[in-house]
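S.K.: Hey, can you work out the whole structure from these sequences and the hints?
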Amino acid sequence: MNRFTGFVKKEFLHIIRDKRTMLILFGIPIVQILLFGYVLTNEIKDANIAILDHSKDETTARITNKLLSSGYFRLQSTIESEQEIEDLLRSGKARLVIIFESNFKKSMIRDGTARMQIIADASDPNTANMLVSYANAIVADFSRGLMVGQALPIKVDQQVRMLYNEELKGVFMFVPGTMALILMLLSAMMTSISIAREKEQGTMEILLVSPLRPVQIVLGKVTPYIGMAFINALVIIALGVLVFGMPVRGSLILLMAESFLFICMALSLGIFISTMANSQQVAMFISVFALLLPTMLLSGFIFPVENMHWILQGISHIIPAKYYIIIVKNIMIKGAGFLFVWKETLVLVGMMALLLLASVKKFKTRLE
Amino acid sequence: MEIVIDTVSKAYGNTQALDEVSMSVSRGELFGLIGPDGAGKTTLMRILTSLLLPDKGRAELAGLDSRKDFKALRNILGYMPGRFSLYQDLSVEENLTFFASIFGEKFDPDFYLIRDIYAQLAPFKKRLAGRLSGGMKQKLALCCALIHKPRILILDEPTTGVDAVSRKEFWDMLSQLRQEQITTLVSTPYMDEAVRCDRVALIQAGKIMDINTPAGVVDSFKPELYSIATPHIYQTLLALKEYNDTYSVYPFGQVIHFIPTDASVSPHKVQDYLTKKGIEAVSITPALPNIEDCFMELMQDEHTNG
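Same order as they appear, the protein sequences are chains A and B. Position one of the first sequence corresponds to residue 1155 (my numbering), numbered consecutively onward. Position one of the second sequence corresponds to residue 701 (my numbering), numbered consecutively onward.
Since the hints were made in silico from the structure, they are not lab data. Careful: at least some of the hints might be erroneous.
[Unchecked claim] SDA-like, lysine to any residue: derived pairs with alpha carbons at most 20 Å apart: (1) B/Lys849 <-> B/Glu805; (2) B/Lys768 <-> A/Leu1361; (3) B/Lys849 <-> A/Pro1365; (4) B/Lys922 <-> B/Ala987; (5) A/Lys1173 <-> B/Gln788; (6) B/Lys771 <-> A/Arg1367; (7) B/Lys969 <-> B/Ala939; (8) A/Lys1518 <-> A/Ser1405; (9) B/Lys977 <-> B/Lys922; (10) B/Lys849 <-> A/Ala1392; (11) B/Lys771 <-> A/Phe1158; (12) A/Lys1515 <-> A/Asn1432; (13) B/Lys868 <-> B/Gly782; (14) A/Lys1353 <-> B/Arg783; (15) A/Lys1515 <-> B/Phe770; (16) B/Lys849 <-> A/Leu1361; (17) B/Lys826 <-> A/Ile1169.
M.R.: Shown next, in the form of structure tokens:
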């Protein structure tokens, strides 16, 4: 039997025999993508609001209907006086109170403007911001509708459009991020652990005292994981599309090719880690702390890179997941072709080459 | 000479693991490396297998330098590390197939070198290696080390932690390999196994104490040796350790072996001393030394001189 295929076959047997490995390989990705998709989305649905309508005319009724039919808001109560506002917000029964001034419709016809006020519970500022901007957008949309067909002078009208993700769906953010996180962790962690295990159990000693070259040992270890991680990438994309309605607007082949590149990059990182770690525990420790946290926090997965301190922004440039997330978003959501992602692709290729070179240099053909 | 070791030294920090070790082994020889734990046996074997580089000196196996020609060397070596180092989650058959494949071979149960050993393993071929008994594990490891027909076989304590019957069987297998012109270097902490070798080297604290045939080792034993039989082994040992005329005393199976400082010390004198110490029912008889006595004596020498 060919040396290389013999090695790969052995490695597959290791993976299949170890239930824990199988669970990590296939259980965790599915659980994670579902968790992130359902729980960690930052979109808000059915926020409770209260309405204080001093006018109670046709226009305020139409605005209220438009707000409540948007899906973002649910009417908690209609109130009659300003005194009730404080109580509602403080108790948390409502997160937003909308007040229409009296004679709303009349002043709109007479002066061209009418006033309404939005009071938000800003103890959670992100949510408050988002709710206010939802409400603003809905009201702005309504007033644009009023102007149509009227002989009024055309005003400059602020028009914000959320391109590509017009409904601001959180899943669109999380699917590429989760993909990056899972592929990164699995590939890097599993390879570094499996190489460290050979050292820990003493089998590396026999492998070294054999005609196998270091490249053969490393490639033999990594090959099965390329396959496994690739299957994972497919599963995650399938879940994103089927469960969360994520689009794949660009080429699926390009997306898979880029995922393949990212997997190979992560595996090189795993090999590099294993040249430093002599035990499975150390390998695990390095993988989790050097990969999990930076990938989650600094890749733009959860927090936008643009809002970070400049030092952290600098660090984010060496986080491979950042480039992969950009690539995946461009392909899946914007439908971009290779011309729009070649720079990021090049960065990943460069990182992989560098890591492989460093690993081959560091790989010991002896015990010390 | 198939293996030549020339003034090899190796230190780990302040610990001198090997101190100018020199020896040579001829083709087809079954050579034993005998010594207590921490004597430097494993270090020497790792240098020979090119896993470690010596600080000083050089080693040559089959004409290949362990430093320069390590790639070629790794093609002709069969190596069994001290710890059981096969894949415990693979079956007997899978381990053999894998180790055959990394040498570019196919696993063949009828291959003449492993045929007899594998015959014992065959009933368990589907069993995971981790679930084998200690003796079976070592037989499997030997099979894996032989599967590519190595020219030189290096076995690091293959019988440690193995029951007496399996130990004997293992040495029988090694004796058979001698007929195949495979040079075998085997280390062991068990001195009684030394008689199974063509030649042995006694190693202690990184130094070679003696290299000889087992018979030669016994012949070179000079001092008087007495066997002391008593129900009070522990008290007798303690008493004799304090005795002025004791050169060396150690438990030996069910009896105590005693070497006086010189031949003029008669058994009666020792008996009187023990009686004074309150130890009765002692019988002292002259004994013929076996190889363990020789090693004990050589190690004692090192202690008194060092």
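S.K.: Which hint numbers does the structure go against, in order from smallest to largest?
M.R.: Of the numbered hints, 8, 9, 10 do not hold.
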